[in-house]
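Here is how the chains run, residue by residue.
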Amino acid sequence: MSEPLLTVRNLSVDFHTARGTVNAVKNVSWSVGRGETLAILGESGSGKSVSANAVMNLLDIPPAEIVSGEIFYEGEDLLKVSYEKHRALNGKKIAMIFQDPLGHLNPVYTVGWQIIEMMTAHGRPADMARARAMELIIRVGIPEPEQAMHKYPHQFSGGQRQRLMIAMALMLKPDILIADEPTTALDVTIQAEVLALLKELQAETGMALVLITHDLGVVAEIADRVVVMNKGEIVEEGSVRDVYHNAKHPYTRKLIDAAPGKGEIRLLDQAAPLLLEAKKLCKTYGNFAALQDVSLTLARGQSLAVVGESGSGKSTLARTLLCLEEADSGEALWKGRDLISMGRSELLGVRRQIQMVFQDPTQSLNPRMSVYQLIAEGWDIHKLMPDRSKRRARVIELLEQVGLDAEHVDRYPHQFSGGQRQRIAIARALALEPELIICDEAVSALDVSIQAQVIALLDDLRQRLGISFLFIAHDLGVVRDFADTVIVMKSGEIVERGPTAQIFDAPQHPYTQRLLAANLDPDPDVQAQRRAALIHA
Amino acid sequence: MADLSLAKSAAPNVRGPSLLSMLWRDKLAFTSAVVLLIIVLFALLGPTLLGELAGDQNLRGRNFPPFSFDRGWAFVLGGDSLGRPMLARLVVAAHSTMMIAAGTVLSALVVGAGLGLVAGYMGKNTSQVIMRLADVIMSFPSLLIAVVVLYVLGPSIPNMILVLAITRIPIYLRTTRAEVLEVRERMFVQAATVMGASHARIILRHILPVVAPTLVTIATLDFAFVMLAESSLSFLGIGVQPPDITWGLMVAQGRPYLNTAWWLAFWPGLMIVITALSLNLLSNWMRIALDPAQRWRLEARKTKNV
Amino acid sequence: MTKMIGQRAIASLLSLLGLMILVFFLSRLTGDPAVLFLPIDATEAMKQQFRTLHGLDLPLIEQFARYVWDLLHLDFGESLRKARPAIDVVLEAYAWTLPLALITMGLVVTSAIILGSLAAFKVGGFFDRLVSIISLIGASAPDFWIAIVAIVVFSIGLGWVPTSGVGTPLHWVLPIAVLFIRPFGLVVQVVRGSMISALGAPYVKTARAKGVKNLPLIFVHTLRNGMLPVITVIGDQAAALLNGAVIVETIFGFPGVGKLMIDSILQRDFNVVLAAIMVTAVAIFIMNILIDVAYGLLDPRIRN
Amino acid sequence: MLLKPILIGALLASTTIAPALAQADTDITVVLSEELDLVEPCMATRSNIGRVVLQNISETLTELDVRGDKGLTSRLAESWEDKGDGVWQFKLRPDVKFSDGTAFDAADVKHSFDRVFSDQITCESKRYFADTALTFTVVDDLTIDIKAEPAQPVLPLLMSLVTIVPSETPMEFVRDPIGTGPYKLTEWTAGQQIVLERRDDYWGEAPAVTKATYVFRSEPAVRAAMVEAGEADIAPQITAEVANNPATDFSYLNSETVYLRVDNQDAPTTDIRVRKALNAAIDREAFIGTVLPEGTELAVAMVPPTTLGWNPDLSPPAYDPDQAKKWLEEAKADGVDTSLPIEIIARTENFPNVTEVAEALTDMLKDVGFNASLRMVEVAEHEQYYSKPYPESTGTRLVLAQHDNSRGDPVFSMFFKYASEGTQSGVNDPKVDDLIARASAATGDERAALWSELFAYVHDEIVADVLLFHMVGLSRVSERLDFTPTIATNQQLQLSEIGFK
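The listed protein sequences correspond, in order, to chains A, B, C and D.
This note's numbering runs 431 ahead of the 1-based position in the first sequence.
FYI, this note's numbering numbers position 127 of the second sequence as 109, with every residue one higher than the one before it.
This note's numbering runs 1 ahead of the 1-based position in the third sequence.
This note's numbering runs 10 ahead of the 1-based position in the fourth sequence.
Treat each hint with caution, since some may be false.
If you only want the chain B side, here are some residues facing chain C, beta carbon under 10 Å, derived [what the hints assert, rightly or not]:
hint, residue
1, Asp117
2, Gly136
3, Ile139
4, Pro140
5, Val165
6, Met169
7, Gln172
8, Thr175
9, Ile256
10, Met268
Heads up, simulated PhoX-like pairs for lysine-lysine below, C-alpha to C-alpha not over 20 Å straight-line [what the hints assert, rightly or not]:
hint, chain 1, residue 1, chain 2, residue 2
11, C, Lys214, A, Lys516
12, C, Lys4, A, Lys524
13, C, Lys214, A, Lys511
14, B, Lys106, C, Lys206
15, D, Lys376, D, Lys342
16, A, Lys710, A, Lys766
17, A, Lys511, A, Lys524
18, A, Lys516, C, Lys48
19, C, Lys214, A, Lys524
20, C, Lys123, C, Lys206
21, A, Lys524, A, Lys630
22, A, Lys604, A, Lys516
23, C, Lys48, D, Lys398
24, A, Lys662, A, Lys679
Everything labelled a hint here was simulated from the structure, so no lab data went into it.
Where a beta carbon is used, it is the ideal one built from N, C-alpha and C, also for glycine.
Extracted from the complex, chain A is given alone in its bound form (with noise of 0.2 Å):
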């Protein structure tokens, strides 16, 4: 390794919340070298972003404190220097990019306007900034650049957006790029487009990249060494393969282990009863045609899983066979009845049957209820336990079922963590001993190692009680865990259809077989065999 260009040194962050001082980083030390790429692999709590914000100066004192610590910068601590100094130096010097770039550009302002700024604020003229943007963009593969400029962000894709931060980060040539998670809203396409941008644009500068994620494949695909973080600690250190291989912490063997799409690949059961089945279904918003003749159909016992990009109209599906949205054509059967059609009473009663579990269980639970009142909530819709002695005896018994605690029942949703969440939706779903959920991506949002703890859940609800799935999803690797069928959807379209096993190992359409050689393997030696065949082909 090269003289390290910035160091952390035994940097300690407290922060003072409602529930008492928390730990966020302790004694962690890092460094990077020009040219290289260090990776920070950790899930969502584990502190891996505190100290790239301390770099930044972005943490909020309060209610954040650094309590000890070092961050060397061309030779000077950047934690002493003044904030005039340190204001200089960043974006100029060491620029970073953030996930999630629409919430991260600013909505009201052009992208033009907020690419240039990052060269005036730094007393660079105007026109020179207007001249390297426009370089920049075209460089990282915006179409028409110059009306580009003077759009607004929530004019662009999310991999569009990722991109101009991206071209933004990189005006004035900084010595390092900081990239919190860049990847983690796209889709497995883009996020491909957007790392191999990110390598190419390293190569040319060679700027030192700090890539925080907390995606094994992420790492596999791009970084030299990785740091492991578990609970504000480094708990193992060194490059991606050795790491890999021979991880000798517990955690990480465990976070190893958790990535899906490595098990087994179930076999369909042909002789189960249908329960739903969906006949040419077309949906249309103004020009945009959200489905499109889509028709499928799913037996007891079974699931389906629906798998397609951001905008392909998996979601539209669900909405439209939950009723949400009405269909502009085409049935939807359930148990031989077109739910499409059916009166108000009917269908109340067909809701009981079909329950659904939403992608971030954050903002489908209402956070003004407690456990008791969000599982029980059910009940009182649909006039079942009538005796309320016993519902909370109930309440409890579906929370040992999702392996939450009784202790839990009067909690309130922003007590628990994210998996934990999920748990309570999935309790609130079986409240009503359903015979089919819709998952539209229910655990997309969750951390690798609760994925894989909420998909054994939910396969073992399946084996028990009998229950139907239709499973919606963009990670390739869960469907391939979970699903008997699956169906690839694009622009509205099937486009494939078919057992797992077939998809996965024949995939016959061109957009199966890009959508999975897009999907980044963990193991950086599969990872680098998939780029040579992509660079091949």
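Chains B, C and D: place on chain A using the hints.
Here is chains B, C and D on its own, set in the frame of chain A:
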């Protein structure tokens, strides 16, 4: 099986310190709470305890200056233009003042929020009708409403509430609607729909509780506004009329004496300012205390002390 | 945008019609203008003559029909008290109210934005608390009280400004200063609250990572976002000012529409009341449309 | 923007704070309490209009002397005589010109009255001729006969109430009044100011004031402050609370009388003992110098002491709460339900401190055992209770009202307030009706005697109402002026009476 009682007792620990102890820690908010408590006590007990004393006139002993115990404790804040003790009158006036302010704010809140919920939740047409209604109310001068109501119905306290409430409806209506438009798109509302919840249930159980904190904040700000609006009506001669007394009326009546007997208008004015200030400080504090994302602001102090 | 304005204009026209019907009939509930126009010992015959002259003896519905008919010819009727076209009286008053409202709101918005934003930048700091307390006290003091004290102190005591009236720019100082206080107190609070949450937004973090200085960070990056909720409140306050600042106009002898309105209501000068309310309503509707336009200008996401 | 000129103006002006309007030494500014809706000569009997118009712009045939004791004096009429049979002949002043240059003659007088009686215009002064039909005969340019049916003994006095306009004046309210007075209207900016300038071709003596600017502020403290700050020279109708400077503040009896109208046909006030008890329960003296200014006089009649026939023998009822209680008990013993509610109706803004006065009155009545309560109402509602037909009520209502008579003769008051047909009367007494009828028709000493008798009868015999105070007006007059307000200042403010020190 876990013990239920244990589950209950465990809850406060995770919630962090109780609201009361957090209030005690913020001295400014705590003082506000105490002041408001005293004012509410005045409002509840004032007329019964001091009603007699407050009406006790003495023309020849009028405009008695404050800070003198010569005529007993009741005159410590001075006497008014009819020789009645200011202190007693301030306490008694708290009753009507609070009745009007609370009555106005509550009724405007209920009607405005109700309409706002409907406008935000229901379809575009209903919403349009309600919003245009709000436009009409907004451009309808409160003075005309005041004169119409007072002329047709007479200047009683319920009628004052009616007058003031009508004019305050649009602010609640607009705010509620705007918030509902946002909240109804949230995932948990969809989750409730999927479960089969009725419109009423979604509005009342899911949307209203989320909108409520904003409404409460506006309501506290409005409280002061209503006290002042009532005072302005008194100034124009179309507000509360004696023998009813409110702080607003006392300020309006004391206005000619600004040069000769400043205390007539000053004390009731001060009461309005104190009440408004306390309410605002408390509501600012509440906004932070009830928001898990902001609570650390109140917490940070404690962790440093410990 | 044009379509939006068109739709709003039509909807506003309907509101205006509703408002007119409401005011027409409600105001006529409040008694007989003849009794107020004529002295207390006027004979019944004189009162009757007054009513006949002004068509007040006709059935209410016929009075209304006539009013609407005249209105369609842009005739707002004649003031019962002033023997002049009601609309002239109202527009004259509006020529005073409009600049008063605009200047006051301009000052309120500028100062509230600057002070509120700075207060929000260091929440709980000394400056924050100072701004909060001063604005709250200002906003909860009765305005007529402030007005009279201001005259005593600044006109008589110090002799800096004239007590009241209009004529020179100096005459505007006290009315504007008194009118300024309450909306300022309110808007500063809202700006502060809105800016606190806006300053917590992710794009602020981006700007800090870019090395943007504090002042542009607050006033360029955050303010435009933070303004969105503030606009509604500014609109409400401006509407109140457009309705006329009765108290301030009364005390300072400022010939605005608020004073005209209360006088006309108390004297049951129905035509002036109606004309004043309708002109005000038009002003408020225009302002509401402008607010929607302002939203669009500030936030490109809602332009379409 | 707009802000800039203001700031610049503020900077420029901050060094030289002069009164708003640069004025010559003989220019004055008058700050009035309410704005004028009209500057119409035939409405000059309305006090806010009269203060500007009467004898300044427009003149009358006769004028009542309130400064001295000359009684009715000549103005546009040089002399008049009673020709008998209800006919009065007026000789007009020659060489009088209107401000538009036309000459004044008998035809103008006739036209002025035609205008008052026209049904195309609602002139206020018409009310003084309610039951009298007038016929005008132009004898020559400067002589006019006026015949009244029935005969009107105070016709010359009534002539002091009607302003003379040129015969070209249309039958509608004018905005540019033309008159014979010493001033003419040169500027009227609605909402802001009215400017009168001295005429050079006035027939009489040229007054000292060359130009008068009228501005309007409803807040008494502001009016007083304007004189103090040198922005105005005369501020009528300030309140006692702000009148704290003996050098500038004048108090004068202002011809207003405050009383409680009692409905003598309504229980429990049908009983004279109850009415006496009402009178005895009120400590009138306590109001003076407290909520009412020093100088306020106790009233024994509906009209001020300067009025014809005022009875000096009457004295205000003594404050005697014990006696009041006794009377009440007696009445109760005779079956009068003295527990019936008595509601005092008072009008907001009726006169300064009206609320305090009403509150104190209510309290005093309660003290002797009346079931009294107070209700403050707005002007239009007050009117409903004040004028017939009176609304129904359980118990009775006492209307607190203020009556103005500066005209010198009780005829303008007594019928309305006491005759059984009077619109604001609470009395139904044949003797009262008879006395009013006789006094109205009488002249000279007989007239005075009859009025005197009526005052005594109403006050002492039937105790018709609760007469309270003759009110005092307060005006602030700049020290540079030589001017003393009079009882008429409420109704008119003659600029020609103002001098400079």
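Could you check the structure against the hints above and give me the numbers of any it violates, in ascending order?
2, 3, 4, 5, 6, 7, 8, 10, 12, 14, 18
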